[in-house]
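Full structure from sequences and hints, please.
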Amino acid sequence: MAGTKSIDPAALEMLEVAQAAGLDTAFDRAERVKPCPIGSEGACCKICFMGPCRLVGKVTEGVCGATLATVAARNFARMVAGGASAHSDHGRDLAFTLIAVAKGEGQGYQIRDVAKLYAVAEYMGIPTTGRTKEEIALDVGTKALEQFGQQRGEIIYTKRATAKRQQRWRELGLMPRGVDREVVETLHRTHEGVDLDPENILDQAMRTALADGWGGSMLATDLSDILFGTPTPLQTKANLGVLKDDEVNIIIHGHEPTLSEMIVVATQDPELIEYAKSKGAKGINLAGICCTSNEILMRHGIPPAGNFLHQELAVMTGAVEAMVVDVQCIMQALASLAQNFHTELITTSPKAKIPGAIHMEFDEHRALDSAKAIVRRAIDNYPNRGKTHIPGFTNDVVAGFSHEYLRYMQGGYYRGSFRPLNDAIIAGRIRGLAGVVGCNNARVPQDEGIINTIRELIRNDVLVVVTGCAAHASGKHGYLSPEMMMNAGPGLREVCEAIGIPPVLHLGSCVDNSRILTVLTQVATEGGVGQDIDEIPAVGICPEYMCEKAIAIGTYAVASGIYTLFGVESPVAASEEVTRLISEGWEKKVGGKLEFYPDWNDIVRKSLEHIDKKRAALGLVEYDPTRYGQSGDLPLAAFFALPPEERNLYSRKAYVQG
Amino acid sequence: MSRYIATRALRGANLIVNEFDALLQKALQELGPDKEIKFTNTAYYLPTILGYTGIEVSNIGGLKPVLEHCRTLLHGLPSNKTWLPYLGETLDAGVATLLAEEGIMGIRFAYGLEPQKMPGLELTGSSAPGPGYLNGPIDDIQLRSWGIQLVDGRMPGFAALIGCAKTNQAAVEIVRQLQQRNILIFLSGNVNGRSVIHQLMEEGVEMGYDTYIVPFGLDTISTVYPMGFATRSALTFGGMKGGQAREILLYNKYRVFAFALALGEVDDLKYATAAGAITYGFPVLADTVIPEIRPTGITQYEHVISMPWDDIEGETDAEKAARFVQRAIEVRGVKIKITEVPIPVPYGSAFEGERVRKEDMRIEFGGKYSRAFEYLRMVDLDEVEDHKIELIGPDFSDVPVGGAMDLGIVVEVAGRKMQEDFEPVLERQIHYFINGASGIQHIGQRDIAWIRINKAAVDKGFNLKHFGEILYARLHSDFGAIVDKVQVKIITDPDVHAEWLAKARVAYDYRNKRLSEMTDESVEEFYSCTLCQSFAPDHVCVISPERLGLCGAYNWLDCKASHQINPTGPNQPIAKGRAIDEWRGVFENVNAFVQQASHGSVQSVTMYSIMETPMTSCGCFECIMMILPLCNGFMIVSREDPSMTPAGMTFSTLAGMAGGGLQTPGVMGHGKYFIVSRKFIRADGGLKRIVWMSSFLKETMAEELKEAAIRAGDPDLIDKIADERVATTEEEVLAYLEQVGHPALAMEPLM
Amino acid sequence: MEKVTFHLPTLWADHHVLAVRELLQQINGVQDIKASAMDQRVEIQYDPSVVTAEVLASQLAQAGYDPTRVPELPTYPKRIDDASDWFRFQERITVTDMRDLEMSGDFRKY
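Heads up: the protein sequence lines correspond to chains A, B and C, in order. Here my numbering is used: position 153 in the first sequence is 153, and no number is missing along the way. Here my numbering is used: position 389 in the second sequence is 389, and no number is missing along the way. Here my numbering is used: position 86 in the third sequence is 86, and no number is missing along the way.
Hints in this document: simulated from the structure, not taken from any laboratory. Keep in mind it's a predicted model, so treat the numbers as computed, not measured.
Distance windows between CB atoms, simulated:
| id | chain 1 | residue 1 | chain 2 | residue 2 | range |
| --- | --- | --- | --- | --- | --- |
| 1 | A | 135 | B | 751 | 42 to 50 Å |
| 2 | B | 54 | A | 128 | 18 to 26 Å |
| 3 | A | 163 | B | 695 | 56 to 64 Å |
| 4 | A | 135 | B | 38 | 42 to 50 Å |
| 5 | B | 25 | A | 128 | 37 to 45 Å |
| 6 | C | 73 | A | 135 | 39 to 47 Å |
| 7 | B | 480 | C | 71 | 56 to 64 Å |
| 8 | C | 71 | A | 335 | 53 to 61 Å |
| 9 | B | 112 | A | 642 | 38 to 46 Å |
| 10 | A | 384 | B | 21 | 53 to 61 Å |
| 11 | A | 282 | C | 22 | 50 to 58 Å |
| 12 | B | 54 | A | 163 | 32 to 40 Å |
C-beta atoms are modelled at their ideal positions from N, C-alpha and C, and glycine is treated no differently.
Next up, the structure:
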């Protein structure tokens, strides 16, 4: 039954199309390929070749004697290392790009946000006075690069955390030294016969994750902002309906903004637009999938066609001339699926090739040329288009909330701060904060966990921020439009109306989870809701996690003090000890804990309980949904509906109840 | 913001900046870029612009960068569907509105169109050019003279009333409610051509500085004057500099308790101006139906509140006004204690400045035709019956209207912590206490007191015993810590009057003697005064018997009493300790105290010198003294003197150098009676060093100065001191000194 | 006695109200004026034997209060545009401004 596969009407429509055409999708494969019951719970050890050992039933240790806890912990740590590598390698490439731009070798790129460059230079202790932006950028790029290869000391951005948190990390030996060093050390320590103490392994997992969150990811975010601009809110639409029947559709899919930024430029090139028209198209339409989509959505308003599980569905519309991919979350199935359509799957990264796809290697030194060649190829493909089927579903989206803009929107240029947000939490208008992040997972109905969680949270006056595929899901279902405040609780609605925001804020791609860390740190230092992140009434939620990156994010969130809840199933369910270590164990150490609840109802319940617990601990007023909600335009709708001469200015009673 | 408000405010902001642009282009054409722009007697250029941007606008051409800055602050309107966030944008646009409004006012000044004309209006105390004019911007002199009251909380803040109240009665009642709480009242704006200014005028409410009511102008653009006042209070008392926008705004949010009351319909410009006011942390209350903004953050409590007048509970406008003002005060978060004084007329400091004209007068006591005195003494606890108010002699019902009669007010207080030294401190308060009643005027003190009661007050039932009620209520509420029991005798019987007057005179003489004997050497403790730290965080006054506070309001005895009343308050005893330099007035413990209380910014204070580590100033000084190197002496300019001084600066400009808790050798703020103290800049040569002095001081302190000159050994000294009538440049001063043979020229060089 | 109402988009603030009233009061036959900047409307009661609605309208229009004249608002570059103020003007602050806490007096608490 299609209903169990997704709650997105566009997806359901396309799945029917797929069924009719006899095409295979991840939704179908998830039914055919059952997850390995031993591996999925973390009980399989294939680290050496005496195994793989399956620690199930009466088998409680492997050939070497490794316990179930050690095995599960090692598996977990390696997931973190994998995820951290993905984010950090992404950050590293941006540092290279910045250096190339600083040297004048980055064709088409520029230092777009000089203000941010100065801000980052200040964090890094790089002098700015009397220097050109190129000189500063070169130093910033070089310093950023050093963070990856640094062997000793502390990753420079960790000093952006509260003093209390930094102290805690130092005391616990969790302070990351260098990104690469932590990843390598994790891989070493989880090699056969090295670190065999589950708790010690998991501590290293946290340190590696911190190197990601406060290192690779945060650098990736900041360097992207310098090169491509710090996002500010903009309006667009989301879902497969953004594809156009009469234009050349190009979908960019993957994670890095470097290529996609140039493709955005190329699609606006008048010459190429003319060229497209010469092929019978009305223009060139760009859309995105996954986090590369988030990057260009946040900065240019390029509409997202969907999240992870939409990648195959987009191809099946038959309206996509080219799907351009870089790295991460790209299904191999795309290559064979594209064979059924005119769609060309173009890989661009030397790190990521797919058999059956066209490879057009992207070189940041000739970025614009590469991008134009790709767009031209897509245009050339337009005449080959066959029958199309574009589902007519879209929703309005407001996206682009960088942490800098969050500060600005709460007071403008002269009075910007986080005081209004803190005040709202203290007063109980906003019950707490939640970050809903992460992937789609074909094993659970697409978007169901994400959307239900978000719906319930905002109804309970919890302000939600989203990133990654969860952000796409929110957008597709209308949660990123400011009108959605009508479905929020009364207090949250009031705040949304005061500022003009949706109750769910789009903070960016998955590396932009680092923005959440920055925001929470500011909330803590602003005062009134705790001195450190773990005291703030806030939770992190990843309802439909799918990849190692999600585990890395979850782990650095916990190590930064956030109670983090995952959906689907626990990858360490087999070991009670590890399950305990990453929840209660970590809570004692760093204040946050990691828990897994397959049912979104549990996630919502636990989240609200946690938020209320933290509110009580801070001595804040008990949350009361009936206390607020009287202000704003909304109560006066009847008044404004009247012609001016019929309004009685001096009495509100006639128009408003109560 | 709500989206409705944001839309209107953004539209208003865009349009007013366009108007500013058009007016500026016109003025550039007609008047030229070099045409001077100057607000009434201020050193802060166009203050709001100065505060936000640091731009010092002194001519029309100087407004061009301001316009450019306005443009960068503006934004488009939010769309009707899928709108983008608007709060930050609207607040920025609000700032642009204020800058544009002030620019427009500047240009109007250049055209001679400000202050606006208002036929028939007469203000008691104002910066207006004369009768028939509205006030226009408040000048620096007035700002500073209100300074101490703003600082010590007697004047909690200001309310800007914009527009027109629903009825005249409502307008009067709102104003009365504010006056009773000593809140300054600023008026501007109109609805359908009628302003709250018209309403108060029609109802015969006295307006002007003296009654705390300042009518600025008939349009909303004039609302920028209160914002300029707010900005200047941060610059003057907070020691901030132009361009330190965030500090200035936060200072206002946390220390200046101001709010806006939008009366009547609210148009685009009113919304836009309100957005600007919100950046200062000032909330807005409307008496009509408008969208509310209750989430907090930019302001301390709610941002915008709507209290439609007809919905307010209460039968009469008076009851509604009380609720309306009460809510405003709650929203601003001001804690105001009002003393209930059971008399039939309104009561509050705002009525202190009210005058009773001869033709309105029912009766007077003292003055030319009769004698009034007041005497407060301490007696034993068992000799006082608390709240006993006696009238000894006839009341004034037999005295013809406009007549006079003798009066004596004898207050007897008792309390375990009461001291004889506090008698004059409390007695001096009688002036303020009695003056607080509406319709009563009190001038002078001791046996030169002069009290008038107007007809309206008598019609409302005011009688002589009510003086007793006032004194009883206020002494208990203000001095409850030292006063346990109060009884009052109101004396009109001629014999009893004569008897008590004689007793009082003995006491006055005794006190004079005691005061003149009281020297810095005769006491062990000085007192600190950090009252102004709420405004100037690093400033500390050290008050000794021979050096009173620079505001003139606190002498050593006042501080001593104040310390008794509130032992943890701003007046703390400082045991002098070892003298490091007795002659110059440097004391070990004083230095230690000042270091700590100034948060390390002042290391040492020399009590009797201006040239070495002089005492710092907050901003409420009565006088500023400054070195005139050419003349080998100092000049003293008083707050009341708006003219140019030989230092090349007016009082207002000098004040910028002297205030804010900064220690600048050669420049010092001080109280005017310090001039006649024996310790007056003793280390630098004393009174003989004074080469120039505002004539105002010479005239108001003639007696005291003469005495001091004799003490200094040069009875003609005062006449040898130049003033603004003979010299306004240093060269002219020097010429005068040489002509009259001023002793300073023969003294050892200052530098 | 007749009544006429004009919708005047350029009557958007109370200094325009003063101007419009002054203008109308000088016209013979005008008996009562209700000008509202909030609704951008003016309602005039006049004596039709002395003055006509057309005259009133033309007098208003001459003074810049023309019912057909809608004040123009400038257009702004979108935020994503490099020319927008966001890129020219705004700072990128990612830490709490400690002045906020110091000024609030709450500083000691935290």
